Amino acid sequence: MITTPAILKAERSVVDGPIERIVIKGVSKSFNTRQNKGRRGAAAQPFLAVRDFSLEVREGEFLSVVGPSGCGKSTLLDLLAGLEAPSGGTIYLDGKPVAGPNQRVGIVLQGYALFPWRTVRKNIEFGLEIKEVEKKERLRISQHYIELVGLGGFEESYPHELSGGMRQRVAIARALAYDPEVLLMDEPFAAVDAQTRETLQEELLSIWERTGKTVVFITHSIDEAIFLSDRIAVMSSSPGSLKSLLEVDLPRPRKTDRSSVRFGQLRHEIWELIQQNGHGQRQLEEQLVIKEAEELLVIRTPVRA
Amino acid sequence: MQRFRSLLSIINQRARAAWLIIAFFAFWQLAPSIGLANPVYLPPLSRVLEEAVTVGFGQLAHDVLISVWRIILGFFIAIVAAIPLGFVLAGAFRWVSELLAPLMTFLSQIPPFILFPVFIIILGVGETGILAVIIWSVFWPTLFSTIAGSHHIDPLYVKSARSMGADRLSIFIDVIIPSALPQIMTGMRNGLTLCFMMLIGAETMGASSGMGWEINMAQRMAVIPRIYLMALIVAVVGLLINYLFEWLEQTIVVWRDDAQRELVVT
Ligand SMILES: Nc1ncnc2c1ncn2[C@@H]1O[C@H](COP(=O)(O)OP(=O)(O)OP(=O)(O)O)[C@@H](O)[C@H]1O
Ligand SMILES: [Mg+2]
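So the sequence lines, in the order shown, correspond to chains A and B. If you count the first sequence from 1, position 132 lands on 132 in the numbering used here, and the numbers rise without skipping. Counting from 1 along the second sequence, just add 1000 to a position and that's the residue number in the numbering used here.
Chain A extracted, bound-state conformation (with noise of 0.2 Å):
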């Protein structure tokens, strides 16, 4: 039986059940760019990265965030964290306007951003030199976090010593060791190979179980978001804006459950939304954004079958 998609409308909000942690409200977010860069004189011309954005985030739920390339999900996430103020609307968390950056978020941003003059363990400790954790107790915290994303015995490694994997992992715990209520992945898987990505999307999702921590989590890959997320927002581009949400029904735990029927139906359903998305110059992105999850798919289906 083949079970009808469960499309939540991006404006009908979710009203009773859950808690809502983040409360987007009709965010939008404009840049100053200027035409013919280095022309005296120039006009400085706003651009819009996001438009009319409203999205609630459940407490304790891990959400994805896919869409075609620019069309404002570093962005989105950039205002999550307080790094970027919103032109127009409010970010809401537990129900106070996000002002600046806090720790109260965490964010792993695009790209590894170590800092390459820290450790492993330095790296790890940073947010809790920031707070101000006295020595001991921060030595305590980052080597638990170096045992929970598998790094023991790297602590006193620097980046450049590690590998494109255990980078993502050090970018992860060091976001995870100040100990955010939420946390925000900028496309954290996309710089390693298909095995070491499903390893860490396993650990990730343990990681999230344990914790019970609020995920907002971007990818380009359509399994990947399925595989990992509650709900998943798919965005539309030029300008950003939220084209609907859906709900992922597959039980948890999901080890064995990317060649399931309804994951199928789901990847399908994305892949129709994200098609019928763009328009002229970007479907060109978007469809690089399939074939991306079609190779995927093909390389999975022999090892599966």
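Treat the hints with care, since some could be wrong.
[Claimed, not checked] In silico negatives: residues of chain B with every beta carbon more than 10 Å from chain A:
1) Ile1011
2) Trp1069
3) Ala1081
4) Met1104
5) Ser1108
6) Pro1117
7) Met1217
8) Ala1222
[Unchecked claim] With the Cβ distance kept under 8 Å, some of the chain A side facing chain B (calculated, not the full set):
9) Pro101
10) Ala113
11) Pro116
12) His160
13) Tyr178
For the record, the hints were derived by calculation from the structure and aren't laboratory data. Since the structure is predicted, the reported quantities are computational estimates derived from the model, not experimental observations. Ideal Cβ placement from N, Cα and C applies to all residues, glycine included.
Starting from the structure of chain A, add chain B with the ligands where the hints point.
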């Protein structure tokens, strides 16, 4: 296997370099004796080394130590002035540094050696003039590299620190300084190399001690072996200072490897 081969080639290179130096000294020793060079203008190496005994090791050590002390003092003063000023110009008064850039570049192009007479007129004969030459030599490269280093900081690091709640001061201390440090150290090393050469020059012109002064005395008294002896000592001291700084750089900037590797890859 690959590693072993590259190790062999490194050993080979080092050994070849050592052989070259030995061959050079051997040639130096032999050339005057077999009539390839006039022993008056190019005394054999053994004669040059003998001269050390004539001058006296105590005197030589004194010359070296005085010169090295001047470098340490001038170098220290220069970096203590240049690094903070560089950060202030780059950060707080970026427009000032942009405005002053052409003027500073112009000033830095003036060889400190040429300025020495000016320094003597302004500061009088003696230590201050020599110090001024060293400071001038180290100041500009350090200042420029500090400004450049803090302009080229990856904004991602700043963003990352901000996301963890770092304020402006800790961003400066924990991100800006370490980010700019490799470049600052490079500037300091250039300044050090330059100031060493300038110091020897300045000492020949207006000092009553130091290696340059010793060279000047030898010249005046026309003791040719002593000139060669001092040239040898200057070269060795220069090399040692360079190695010492390189070692210091590698000890402090442990992560530098990274940036270099990335530069090679891209
Ligand atoms: N600081 C900025 N100044 C001007 N324009 C910006 C700035 N940051 C982002 N933009 C623009 O906003 C749009 C959205 O950028 P954003 O980085 O959020 O996209 P994205 O969805 O994360 O893309 P990707 O999937 O490639 O990471 C892009 O067109 C980008 O050029
Ligand atoms: Mg992005």
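Here's how the hints hold up against the structure:
1. Ile1011: holds, 25 Å
2. Trp1069: holds, 32 Å
3. Ala1081: holds, 24 Å
4. Met1104: holds, 24 Å
5. Ser1108: Given that every Cβ of chain A is farther than 10 Å from that of serine 1108(B), nearest at about 27 Å, it holds.
6. Pro1117: It holds; proline 1117(B) is separated from chain A by about 43 Å at its closest Cβ, greater than 10 Å.
7. Met1217: holds, 48 Å
8. Ala1222: At roughly 55 Å from the nearest Cβ of chain A, alanine 1222(B) sits farther out than 10 Å, so the non-interface label holds.
9. Pro101: It holds, given that the least Cβ distance between proline 101(A) and chain B is near 5 Å, below 8 Å.
10. Ala113: Holds, because the Cβ-Cβ distance from alanine 113(A) to chain B comes to roughly 4 Å (cut-off 8 Å).
11. Pro116: holds, 5 Å
12. His160: holds, 3 Å
13. Tyr178: Holds. Min distance 7 Å.
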